[in-house]
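A.B. asks: Chains as they are written, first to last, in this note's numbering: chain W, 1 to 212; chain L, 1 to 104; chain X, 1 to 356.
If you're looking for bench data, these hints aren't it; they were derived computationally from the structure. Here the structure is a predicted model, which means the values were calculated and not measured. Idealized CB from N, CA, C, for every residue including glycine. Any given hint could turn out to be false.
Partner residues aside, some chain X positions facing chain W, computed with beta carbon under 7 Å [unchecked claim]:
hint: 1; residue: 48
hint: 2; residue: 52
hint: 3; residue: 85
hint: 4; residue: 86
hint: 5; residue: 90
hint: 6; residue: 91
hint: 7; residue: 247
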Amino acid sequence: MTDFTKENKELYDAMVAYKVPGITAAVEGARKAGMSATQIIDGLSAGMTQVGVLFERGKLFLPHVLSAAAGMKQAMTILDPELKASGETTAKKASVVMGTVEGDVHDIGKSICSTMLQCAGFDVHDMGRDVPKQTFIDEVKKGCTFCGMSALMTTTMTVQRDVISMLKDAGLRDKVVVMVGGAPVTQAYADKIGADVYGDSASETVAKVKDL
Amino acid sequence: MAVSHYMASGMGGIRTAGDLVARMEYSQNMKLKDAKAYVAQKLDLDPLEIGDEQIMRDKREELKLGVVTGLPGAPRGIAAKMNIEKLLGIKINSCDKFRQMMKN
Amino acid sequence: MAANEYYTRMGDGKRVLMTKDQILADIQAGSADAADMGGIQALDDNDVEALLEIVCDRNRTVGVEPGKEVPLTYDIGQLDFTGDNGNSGNGVDMGRLEAALLHERALGADTFELAHSDYSIKPVKPVISMEMQTMEEIQNEIVIPYFYGAMPNMGLYYAPDGPYGNPADLMREFKIEEAMDQAEKSAQALARDIEYVATKIYDAGADGFNFDTTGAAGDADAVGTFNGVEKLRKACPNAYINVGMAGESVMGIHGSIEYDGQVVAGLYPHQQCKLAQKAGANVFGAVVNTSCSKSMAWNLARAVTFVKACTAVSGIPVHVNMGMGVGGIPMFETAPIDAVTRCSKAMVEIAKVDGV
């Protein structure tokens with residue numbers, strides 16, 4: 001089997017450097033070296049995970065994360081024909097509805113999480129901030145099997161519990177994985193309200209769900 | 001929260017000389033040690049003493065700097081602050097505005 | 001409770017039992033985290049030992065030694081009485097004069113501030129005359145320094161609340177340059193409004209201005225505030241100006257906006273204080289956010305490490321923010337007394353702050 005250590009490093013480094021031209025150049029280099037589309041996507045995903053970690057450590061900032069995500073998107077455009085031709089699927093892992101709960105307008109962490117979930121292969125429906133409770137229910141009814149809610153205030157975190165209750169009332173609770181996060185949210189609180197996944201950070205959340 | 005902080009580490013404002021120390025920090029960018037030393041020197045006290053309620057109560061009444069309990073005749077507001085200006089050698093904005101409003 | 005166990009708290013306020021070794025491990029880990037993120041020194045053995053002693057004290061409350069007391073300054077003014085749960089307020093409606101005098105006379109406040117119930121620069125602008133008349137009234141009665149306080153809160157300048165495009169929405173569409181442009185324009189508008197509001201309230205006799213949660217909307221918010229403080233300082237050379245931040249690291253929403261030739265994104269308290277001083281602040285309010293899922297020992301050690309590095313280099317006094325969820329204090333509306341007094345003592349004695 002061909003060793004693609006060099007190409008994988010270039011893909012990883014290009015993602016961490018977050019510049020779109022650099023990322024597409026690394027993708028072209030990897031293709032020329034003979035890497036498959038799936039192998040290239042895995043290499044880029046490892047870099048994207050590191051981008052998320054660096055953001056959480058304050059070494060990279062939001063525009064950098066989004067630039068890396070734009071590079072990932074561009075890479076997918078380049079690789080899509082090959083994926084289709086080889087019969088490899090580009091099917092998304094699952095559909096996720098994401099949002100900052102009603103009454104809360106903080107959304108940076110949630111947006112980073114949405115971006116990282118997208119890069120991890122999820123079909124993300126990011127509803128933004130101050131999202132009405134019913135919107136989460138409606139998106140689950142439309143087919144989202146993951147529901148992510150962020151709250152940054154002790155006064156709004158209770159909405160996460162309300163949505164879980166509404167999912168139960170609608171008979172949908174066992175059809176969806178509920179993720180919760182945000183500054184005042186803890187594992188203990190997530191357990192108390194019956195959420196499935198608590199993430200202390202965007203990268204932790206993605207790590208917990210990507211193989212579910 | 002305020003009560004907890006005051007019990008743990010607060011000077012106590014006009015119960016002692018906390019407001020005076022704060023004025024020196026803000027008006028002259030003095031760090032804590034320098035601000036306390038300055039205020040202590042102006043009050044002819046030790047820096048330890050300016051945080052002592054028992055010592056400062058009499059001092060504030062004597063120098064008419066405003067006292068924390070309801071004492072009829074003791075200066076409040078602008079009157080107390082004008083005395084604080086003289087003590088510390090600073091100007092206080094509300095006193096300046098008061099003076100500007102005085103006719104003649 | 002075993003002999004080697006101590007009551008302490010988690011970052012969400014929950015009381016837990018931990019052994020001394022567990023507390024020590026958390027102190028070391030929290031300090032190391034701050035050192036790694038900020039590129040600063042972790043607490044030395046003496047400081048770690050002192051912090052361990054504070055956290056493990058068996059008494060309900062702890063305090064500083066006589067002579068080590070510091071002045072206390074306030075955010076949110078009278079909203080701690082009149083505000084709702086969201087402000088950790090008690091929900092007791094009263095006049096702002098009564099609230100101010102109660103803080104001065106019953107709560108030992110060293111300074112205080114007048115606050116509007118919508119505690120931000122932009123909403124205050126149209127009602128500034130009302131704020132001025134209240135300031136005049138209270139200054140006639142109050143003895144302690146009395147500021148006007150507000151959050152810069154640059155988020156209010158973005159759609160749907162304001163005239164500029166919202167970077168959060170623009171970035172979702174990968175319109176990164178447009179997002180940066182709108183952030184820069186908002187920062188300019190914020191600086192103008194700060195000058196307007198703050199100079200007016202100073203004319204009414206305010207001792208000065210307190211800027212709370214500077215940088216809450218990111219690096220452009222911080223730059224707009226620093227520029228506004230510069231304008232205020234120029235217009236009112238003797239005003240007392242307090243610049244309090246929103247977090248230990250300035251959020252890089254723009255990513256490359258500068259103040260005084262320096263990129264502001266990612267700056268930590270020991271760097272933020274220099275910019276605040278350059279802008280013209282007299283006192284810097286360092287902020288370190290609490291992580292709810294970590295112990296108080298971890299959070300406090302981390303916060304003390306950041307703040308100690310700041311006080312060591314700051315050219316102006318540092319008043320560490322120690323409200324709900326900051327400065328090591330648990331994120332809980334009724335912050336436990338044991339936690340608050342421990343954090344207060346640690347910040348004074350180990351981080352060497354000039355005020356709280």
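A.B. asks: Hint by hint, say whether it matches the structure.
C.D. replies: Status of the hints after comparison with the structure:
no., hint, verdict
1, 48, "violated (23 Å)"
2, 52, "violated (24 Å)"
3, 85, "holds (6 Å)"
4, 86, "holds (5 Å)"
5, 90, "violated (15 Å)"
6, 91, "violated (13 Å)"
7, 247, "violated (10 Å)"
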